[in-house]
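Line by line, the protein sequences are chains C and V. Counting from 958, one number per residue, gives the positions in the first sequence under the numbering used here. Counting from 544, one number per residue, gives the positions in the second sequence under the numbering used here.
Calculated from the structure, these hints are not laboratory results. Treat each hint with caution, since some may be false.
What the hints assert, rightly or not - Away from chain C, derived, C-beta distances all over 12 Å, residues of chain V: (1) 546; (2) 551; (3) 552; (4) 553; (5) 563; (6) 596; (7) 601; (8) 606; (9) 654; (10) 669; (11) 676; (12) 688; (13) 698.
Said to hold, decoys possible - Using 30 Å as the maximum straight-line C-alpha spacing, the simulated DSBU-like pairs for lysine-lysine come out as follows: (14) 1361/C with 1283/C; (15) 605/V with 1266/C; (16) 1133/C with 609/V; (17) 633/V with 615/V; (18) 968/C with 673/V; (19) 1266/C with 598/V; (20) 1144/C with 1023/C; (21) 1266/C with 673/V; (22) 1266/C with 615/V; (23) 1269/C with 555/V; (24) 1266/C with 1307/C; (25) 1144/C with 598/V; (26) 673/V with 545/V; (27) 605/V with 1155/C; (28) 1161/C with 1309/C; (29) 673/V with 1140/C; (30) 605/V with 545/V; (31) 555/V with 1140/C; (32) 673/V with 1269/C.
Where is the CB? At the ideal position from N, CA and C, for every residue including glycine.
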Amino acid sequence: MKISGAQAIVKSLEYLGVKDVFGIPGGATLPLYDALADSKIINHYLMRHEQCAAHAADGYARASGKIGVCMATSGPGATNLVTGIANAYMDSIPIVAFTGQVPTHVIGTDAFQEADITGITLPIVKHSYLVTDATDIPQIVAEAFYIASTGRPGPVLIDIPRDIQQQFIDYHLIEKVTLPGYKPTIKGHARQIKESAKLILESKRPVLLIGGGIITSGASEEVFKLATTHRLPVTWTLMGKGGFPENHELSMGMIGMHGTKTSNMAVQNCDLLIGAGVRFDDRATGNVARFAPHASIIHIDIDPAEVSKIVKASVPIVGDARTILKALNEYLSEFEPKANHEGWLSQIKKWKKNYALRVPRDKILKPQLLVHTLKKMTAGMEIIVTTGVGQNQMWAAQYFNMEKPRHFISSGGLGTMGFGLPSAIGAQVAKPDALVIDIDGDGSFQMVLQDLATIACYNLPVKIVIINNRYLGMVRQWQQLFYKGKYFAVDLEKGTPDFEELGRAYGIRAKSVKEYSQLEKSISEMLSHEGPFILDVHVEKEENVFPMVPAGAALDEIIGGEAK
Amino acid sequence: MKHTISVYVENKPGVLARIAGLFRRRGFNIHSLSVAPTENAAYSHMTIVVDLEDKPLEQVVKQLHKLINVIKIHDYLPEEVVERELALIKVNASSEVRAEVIEIANIFRAKIIDVSRNYLTLEVTGTEDKISAIIALLKPYGIKDLVRTGKVAVARGQATE
């Protein structure tokens, strides 16, 4: 029996186990949506902006470990996806984006709603396809899912002209994909693993640095085993948060620009740095020339192009982080762990005590206190936190401790303001029973607030906590510290709506908090409310994120972070 | 420093754009690039001469490898590879200098592929240096038009065995 190209897409998605997709239809995807309407398996979530559809797919992928799927029509629909695709690319998140395209015979004529989306997205996709024959659809969709989710994951785009969606074909299942030019390395090199083991056993001042690759590969257990067996102090990048339990005595907190002083001092003074699933981003390393100056570096990553791209590795191991760490743990189990770095551990303990992140004690609405209180009141609950970008994100990263992977969802590489709300939508769809909290900024939130409609429409019980300082806070902080306090274009006081009223307009319960005395009560109200909730907290306007390593400085050149 | 890499790619639409885009985005400079199908029509071969100013060759090769359509890459040392370039040179050859131009062509084993009253068109093949040398010699006569293919390269038999 012949089916249409559009039906072939839906059938392929069903076969690949897709349950949820996020999108907005349009002229060039009418056939696709017609076929999607008949699917009994796939739920389509109608968004209010395509960028949010891509971010929702991204959040869905991060929360579940599955592939996120988004859809948009040709032209502006497709170009609206661009930020979301770039975000997924920078953080290596598996999403597959479907875009409609104008019919084949008018491609290249500047037809209505035509945009060269495969061309536009070339530098921000892992791979992309422009379908020119519907017969290829089952193969292309299977390849796209395989490429998106294997190796170093990333976004794949499939652009399908409208006439191709309407072309009738004989559908055939694709069970196995082999690509001649794509064979990710999974197993680490045995000799390199032995070499690493030797360095670990000999090290007097080791540090284990974990990144997003640990979350992606599901390596948390192996990280835990390695760290606890050999007493390795652990730090993480923003992307690695949750890869190791943050309340553990070996945890030092986040590395980098707004990392803990303990982590940064430890990295600068260690003699061995084991970087697992990290890419040594500039926000993590500070001044690269002066990064970890005394350390041998073991670099574990699945992408060979990351090895020695920024930081020269003494022992590079290319492959899947979990597979490599498992092999490393197995090999190390033949040796007695050496207890030769007690002095180092007590040094770190001392730093941890002296440089612990401060929770303000005065009873005023400081953002740190808000996040701290939120964490305290949700202790023991299954919580997924998403964030905006800027100060709100850093406070969430600093003060909302995480014990498990895939529970902290944040835009790391691209730093996309507005990521918090749509990624929370995706996370909530992926994990309907989890308590999803978007810790957002008033600036970030206002970039995507139209998608409150999506939350209202599907009654997704997302909790939105707005750290509201009526500023583009991080920009203001930089203007204060590095531009002589000349504030320009950062004040959001005028024009920002009353978020309580806004919530009401969308039929979403909302509460503004302006006094410290109302904070705990309001958080309780939010947590006991079954549906979505906006908690708008008016915090101290000019609070800064500290500690801070200024751009271009070495990690031990830290502003703030001392104990009182 | 210039370095020659040989890249086998799937012969699919957009592959050249992916490779050119990658070079631009990562800040690598292409000195010359030649591309044509191989004996198997499913694949194309590219000879890319990269101008390595501050980016290490290793990064260029690794980033190229990440493209799904790239099948294999060879990065040869200069002594491991045979390289040729072809140039078509249309040079002024009015009656008083025609003999001299033909003599130069003969020395360089260039073929005369077109003749008109005032011009000769030469086809010359060789290494980059040889091409540059004949161009320098012909320049005083007046070069009307010049087209070079850019380098193509293949590994010496010895390097393959």
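Status of the hints after comparison with the structure:
Against chain C, the non-interface label of residue 546/V holds: every CB pair exceeds 12 Å, the least being about 17 Å. Listed as a non-interface residue, residue 551/V fails to keep its Cβ farther than 12 Å from every Cβ of chain C; the least gap is roughly 9 Å. Listed as outside the interface, residue 552/V is inconsistent with that label: its C-beta sits roughly 8 Å from the nearest C-beta of chain C, within the 12 Å cut-off. The Cβ of residue 553/V sits about 6 Å from the closest Cβ of chain C, inside the 12 Å cut-off, so the non-interface label is violated.
The Cβ of residue 563/V does not lie farther than 12 Å from every Cβ of chain C; its closest approach is about 10 Å, which violates its non-interface assignment. The claim that residue 596/V lies off the interface holds: its Cβ sits roughly 17 Å from the closest Cβ of chain C, which is beyond the 12 Å cut-off. With a least beta-carbon separation of about 7 Å from chain C, residue 601/V fails to lie farther than 12 Å from that chain, contradicting its non-interface assignment. Under the 12 Å C-beta cut-off, the non-interface status given to residue 606/V relative to chain C is violated; the minimum distance is some 5 Å.
The Cβ of residue 654/V lies farther than 12 Å from every Cβ of chain C, with a closest approach of about 38 Å, so its non-interface assignment holds. Under the 12 Å C-beta cut-off, the non-interface status given to residue 669/V relative to chain C holds; the minimum distance is some 33 Å. Here residue 676/V stays apart from chain C, with its beta-carbon at least about 39 Å from theirs, past the 12 Å limit. The claim that residue 688/V lies off the interface holds: its Cβ sits roughly 31 Å from the closest Cβ of chain C, which is beyond the 12 Å cut-off.
Chain C leaves residue 698/V outside its interface by the beta-carbon criterion, the shortest separation being 20 Å against a cut-off of 12 Å. As the CA atoms of residue 1361/C and residue 1283/C are separated by approximately 19 Å, the hinted pair is consistent with the 30 Å bound. For the hint linking residue 605/V to residue 1266/C, the alpha-carbon distance of about 10 Å falls within 30 Å, and the restraint holds. This hinted pair checks out: residue 1133/C and residue 609/V have alpha carbons roughly 21 Å apart, not beyond 30 Å.
A distance of roughly 37 Å separates the Cα atoms of residue 633/V and residue 615/V; the hinted pair therefore is violated under the 30 Å criterion. For the proposed pair residue 968/C and residue 673/V, the alpha carbon gap of about 60 Å is over 30 Å, so the pair is violated. Restraint check: the Cα-Cα separation between residue 1266/C and residue 598/V comes to about 10 Å, which is no more than 30 Å; the hinted pair holds. For a cut-off of 30 Å, the pair hint linking residue 1144/C to residue 1023/C stands: about 22 Å separates their Cα positions.
About 37 Å separates the Cα atoms of residue 1266/C and residue 673/V, which puts this hinted pair outside 30 Å; it is violated. Pair hint residue 1266/C plus residue 615/V holds up; C-alpha atoms about 21 Å apart against a cutoff of 30 Å. Annotation: proposed proximity of residue 1269/C to residue 555/V is violated, straight-line Cα distance about 36 Å (limit 30 Å). Pair hint residue 1266/C plus residue 1307/C does not hold up; C-alpha atoms about 34 Å apart against a cutoff of 30 Å.
For a cut-off of 30 Å, the pair hint linking residue 1144/C to residue 598/V stands: about 28 Å separates their Cα positions. As the CA atoms of residue 673/V and residue 545/V are separated by approximately 17 Å, the hinted pair is consistent with the 30 Å bound. Between residue 605/V and residue 1155/C, the direct Cα distance comes to roughly 28 Å. Compliance with the 30 Å bound is thereby established for this hinted pair. For the proposed pair residue 1161/C and residue 1309/C, the alpha carbon gap of about 19 Å is at most 30 Å, so the pair holds.
With a C-alpha separation of about 41 Å, the suggested pair residue 673/V and residue 1140/C falls outside the 30 Å cut-off, and the hint is violated. At most 30 Å may separate the alpha-carbon atoms for a hinted pair to count; residue 605/V and residue 545/V meet this at roughly 17 Å. With a C-alpha separation of about 19 Å, the suggested pair residue 555/V and residue 1140/C falls inside the 30 Å cut-off, and the hint holds. For a cut-off of 30 Å, the pair hint linking residue 673/V to residue 1269/C is broken: about 40 Å separates their Cα positions.
Checked against the numbered hints given earlier, this structure breaks hints 2, 3, 4, 5, 7, 8, 17, 18, 21, 23, 24, 29 and 32; the rest are met.
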